[in-house]
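Kindly produce the complete structure, drawing on both the sequences and the hints.
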Amino acid sequence: MKVLSRISLVVALALLVGAYFVPIWSIDLEAPQYPEGIGLHIRINTIEGKNPHDLRNINGLNHYIGMKEIQPDAVLLLKLLPYLFGVVIALGVLAVVLNKQKLAVAFLGTFLLIGIVSFAEFYRWEYDYGHNLNPNAAIKIPGMAYQPPLIGSKKLLNFTATSLPTTGGYMMLAAFLLGGFAVLHSSRYCPIDWLRNRNGKAKNDSDKFLDESIIKEVEAITEQRQKERQYVAK
Amino acid sequence: MKTHIKLIGVFLIAAMMWGCGGETKKETAALGLEDVASKVYVPPGQHDEFYFFPSGGFSGQVAVYGLPSGRLLREIPVFSVNAEKGYGFSEETKPLLMTSHGFIPWDDSHHPELSQTDGVPDGRWLFINSNNTPRIARIDLSLFETVEVIELPNSGGNHASPFVTMNTEYVVGATRFSVPVGSNTDVPIETYKQNFKGTASFVKVDPKTGEMSLAFQIMLPGFNYDLSHAGKEKSHGWVFFSTYNSEQAHSLLEVNASQKDKDFILAINWKLAEKYLAEGKAKDFPCEYYHNLMNEETQTAKSEVKKGVKMLYPKDCPGLAYLIPTPKSPHGCDVDPSGEYIVGGGKLATVIPVHSFTKMLAAIEAKAFDGEIEGIPVLKYDAVLAGEVQNPGLGPLHTEFDGKGYAYTSMFVSSEIVKWKLGTWEVVDRVPTYYSIGHLCIPGGDSKKPWGKYVVAMNKITKDRYLPTGPELNQSAQLFDISGEKMKMLSDFPTIGEPHYAQAIPAEILKPRSAKIFELEKNKHPYVVKNEGDVSIERKGNEVHVRMTMIRSHFTPDNIEGIKVGDKVYFHVTNLEQDWDIPHGFTIMGMQNSELLVMPGQTRTIVWEPKKPGVYPFYCTDFCSALHQEMQGYVRVSPAGSNTPLKFNKNEEVAAK
Numbered sequence: 001m002k003v004l005s006r007i008s009l010v011v012a013l014a015l016l017v018g019a020y021f022v023p024i025w026s027i028d029l030e031a032p033q034y035p036e037g038i039g040l041h042i043r044i045n046t047i048e049g050k051n052p053h054d055l056r057n058i059n060g061l062n063h064y065i066g067m068k069e070i071q072p073d074a075v076l077l078l079k080l081l082p083y084l085f086g087v088v089i090a091l092g093v094l095a096v097v098l099n100k101q102k103l104a105v106a107f108l109g110t111f112l113l114i115g116i117v118s119f120a121e122f123y124r125w126e127y128d129y130g131h132n133l134n135p136n137a138a139i140k141i142p143g144m145a146y147q148p149p150l151i152g153s154k155k156l157l158n159f160t161a162t163s164l165p166t167t168g169g170y171m172m173l174a175a176f177l178l179g180g181f182a183v184l185h186s187s188r189y190c191p192i193d194w195l196r197n198r199n200g201k202a203k204n205d206s207d208k209f210l211d212e213s214i215i216k217e218v219e220a221i222t223e224q225r226q227k228e229r230q231y232v233a234k
Numbered sequence: 001m002k003t004h005i006k007l008i009g010v011f012l013i014a015a016m017m018w019g020c021g022g023e024t025k026k027e028t029a030a031l032g033l034e035d036v037a038s039k040v041y042v043p044p045g046q047h048d049e050f051y052f053f054p055s056g057g058f059s060g061q062v063a064v065y066g067l068p069s070g071r072l073l074r075e076i077p078v079f080s081v082n083a084e085k086g087y088g089f090s091e092e093t094k095p096l097l098m099t100s101h102g103f104i105p106w107d108d109s110h111h112p113e114l115s116q117t118d119g120v121p122d123g124r125w126l127f128i129n130s131n132n133t134p135r136i137a138r139i140d141l142s143l144f145e146t147v148e149v150i151e152l153p154n155s156g157g158n159h160a161s162p163f164v165t166m167n168t169e170y171v172v173g174a175t176r177f178s179v180p181v182g183s184n185t186d187v188p189i190e191t192y193k194q195n196f197k198g199t200a201s202f203v204k205v206d207p208k209t210g211e212m213s214l215a216f217q218i219m220l221p222g223f224n225y226d227l228s229h230a231g232k233e234k235s236h237g238w239v240f241f242s243t244y245n246s247e248q249a250h251s252l253l254e255v256n257a258s259q260k261d262k263d264f265i266l267a268i269n270w271k272l273a274e275k276y277l278a279e280g281k282a283k284d285f286p287c288e289y290y291h292n293l294m295n296e297e298t299q300t301a302k303s304e305v306k307k308g309v310k311m312l313y314p315k316d317c318p319g320l321a322y323l324i325p326t327p328k329s330p331h332g333c334d335v336d337p338s339g340e341y342i343v344g345g346g347k348l349a350t351v352i353p354v355h356s357f358t359k360m361l362a363a364i365e366a367k368a369f370d371g372e373i374e375g376i377p378v379l380k381y382d383a384v385l386a387g388e389v390q391n392p393g394l395g396p397l398h399t400e401f402d403g404k405g406y407a408y409t410s411m412f413v414s415s416e417i418v419k420w421k422l423g424t425w426e427v428v429d430r431v432p433t434y435y436s437i438g439h440l441c442i443p444g445g446d447s448k449k450p451w452g453k454y455v456v457a458m459n460k461i462t463k464d465r466y467l468p469t470g471p472e473l474n475q476s477a478q479l480f481d482i483s484g485e486k487m488k489m490l491s492d493f494p495t496i497g498e499p500h501y502a503q504a505i506p507a508e509i510l511k512p513r514s515a516k517i518f519e520l521e522k523n524k525h526p527y528v529v530k531n532e533g534d535v536s537i538e539r540k541g542n543e544v545h546v547r548m549t550m551i552r553s554h555f556t557p558d559n560i561e562g563i564k565v566g567d568k569v570y571f572h573v574t575n576l577e578q579d580w581d582i583p584h585g586f587t588i589m590g591m592q593n594s595e596l597l598v599m600p601g602q603t604r605t606i607v608w609e610p611k612k613p614g615v616y617p618f619y620c621t622d623f624c625s626a627l628h629q630e631m632q633g634y635v636r637v638s639p640a641g642s643n644t645p646l647k648f649n650k651n652e653e654v655a656a657k
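Protein chains in written order, with this note's numbering: chain A, 1 to 234; chain B, 1 to 657.
Source of the hints: derived by calculation from the structure; they are not laboratory data. Mixed in with the good hints there might be a few duds.
If the Cβ cut is set under 8 angstroms, some of the chain B residues that face chain A in the computed set are [as the list claims (entries may be wrong)]:
1) ASP579
2) TRP580
3) ALA626
Just so you know, even glycine gets a beta-carbon here, dropped at the ideal spot from N, CA and C.
Next up, the structure:
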């Protein structure tokens, strides 16, 4: 692997490790009664309120419409995610230490796979949370589900729910992009080489343009000589 | 024809003039009133610039307003029970109103005083005195709740109170009505001069917790002690008290206590008092008083009976106290921001006398005395006087300062505020008040650094200022802009009870300190329940303790059986909410006490004694949620001696069929 690839990987790994310590995803709930804001932060291993008692208060509000309580310990994905990303980080470390392009590809592939699986699982969890309602709930609106959006905003009764990545999420995204760069850079699709080649080619073209007369002369001479050789051979 | 033209001309001119007149009026309205309106208008959703705390006077409470809007924000119960908040009815708050005279449900609250650090209000606590049964209360300004009350013994009306020293080392109190003190207090009233005494109390304030303790008292002549202020900066270490009835009359005071040309301002050197105390000069004086303190963790107040006080006698303690002659029954006793000037509000005087602290020290040094009273040297009036404000108006009562070199004195009799200049003593402006102003308040106006933007007049008489409400009218406050050279009236707003004094402080100091909830985790109430599953009912003889929870929108338990007539039922109710502004209320049919209003994370207890068998509904009294009307329950009460077993439920959902 090229040096720049390894440096990128090291930065990517640092970002991934950093993402263990900050929230990666944010769900904001806006309602007239909550001018001070209420919301959730998803960390790699747990869900917590943005303010000290937000989770408790959201659970309190949700019981009216029969949503299950969000119990951070009960979310399977968040139990696994620290280990899954542990594997990703381990692959990255090996790639840097052993300087193996194949390991870097494995790092990136695992990262992507876990990313896709996580989003799918997050969606499934949100779906279950928003659809699987207590039939005895006080407020029942036929056809109404309370699934928060995977990403973006959605109006749920008096609340507008907005789901977006936050610090840790952006760190992970940056880590993924850096990993992708590291792999490509050391491959034959190296983006820097490509850029350089493109520039190089342009330069050659301009050389050609500048020295066209000489080239034509050379070509003319070569043609002449070939003709001479043919003539000699005859 | 000519006449016609002339006539038309006259009509035209008249019409033009009429038009002009209308325009001018409109313009005045636009320039004058709208300008004033914009100064007091706080748009919906925006906050006022200042918190304003006038006392409730005979309501016994403290009110909280916003300035400049004059919007009532809250009433803080202090010395009177308040059924709305369960204050003085709940088991947790009842001890706050205990005194050596028993449980006192009402008092007369007079002078709120903000705690200070380096002579500037710091927004930690608000102290207030009760005049009738002498006490000082402390309000925690993160909760806006009374958290401590200390009784002052050997006192007959704690009026000259609770003024603080520069760093809230002490809050003071001096008796308005001198009374016989000590072991024999059953004496003929006509022996006033021999047996009646005044005392000044120095209550120490713990700089960290705010907890008050009576450090010492000073035995004083049997005058009436009216108001007070502590020195600051150069006069830090001294406290000044105004006195009247130096005639020592005990009957028809309105005449008999108004005979002398001069009464006194009493100056006490409290730093020297501390020294004498350390030297053991104080005598143990027998007495009994209550100290009531709210425990933050258990959320329950506890009363403690204290016995005895350290008493200092001026005759044993040279230099401890001096009397400064001050004309005609002074009321206000106000120290300017520099600490140099002590202004006496001689309510019957024709001048406002201003004493100089520097001259006072020089007079003491030079022994410029005019005799002494009970071991207290009387200083010569002229030796201490800095100047007199001439022709200020009638009935000067109370002076505050704007920090820009001016003083503002309320004039009760001539019903006005008079602005005068410190140093030159000349009156520079006066505005009428409606009607008969008592005290006035400039934010920080008795401190080292006044925020001299507004002055609020607290008027004693209201009459026609608002829509009439029968014979009893509210009291009236009036807001004036004092940012310019001339005072300008901005608005009127009604107040609760009868404010005697007030404090105001920039909102930005208090706002960040204001608590939103009580942390349930930190709640160590002996009967707290933190999970619905842990609710319980326990019978101890005829006492039944119900540990109940409330959360949107149900009580747990909500069905209780096995209560009997003759039982004393303690409902210990915990509000499990941890969300801002979600209190729940609790009451039950036949409740002889008040309701409970329980804040998030708080536990409150109310006692109920059912008198006859039946099923009693209880419910939430504070509209808490969309299903507030459903927040209810039942208690079954059986006849005395019956065998109905104690039974309660825990939140069962019954599916719709």
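Review point. Going back to the hint list, which numbers does this structure go against?
Key: none
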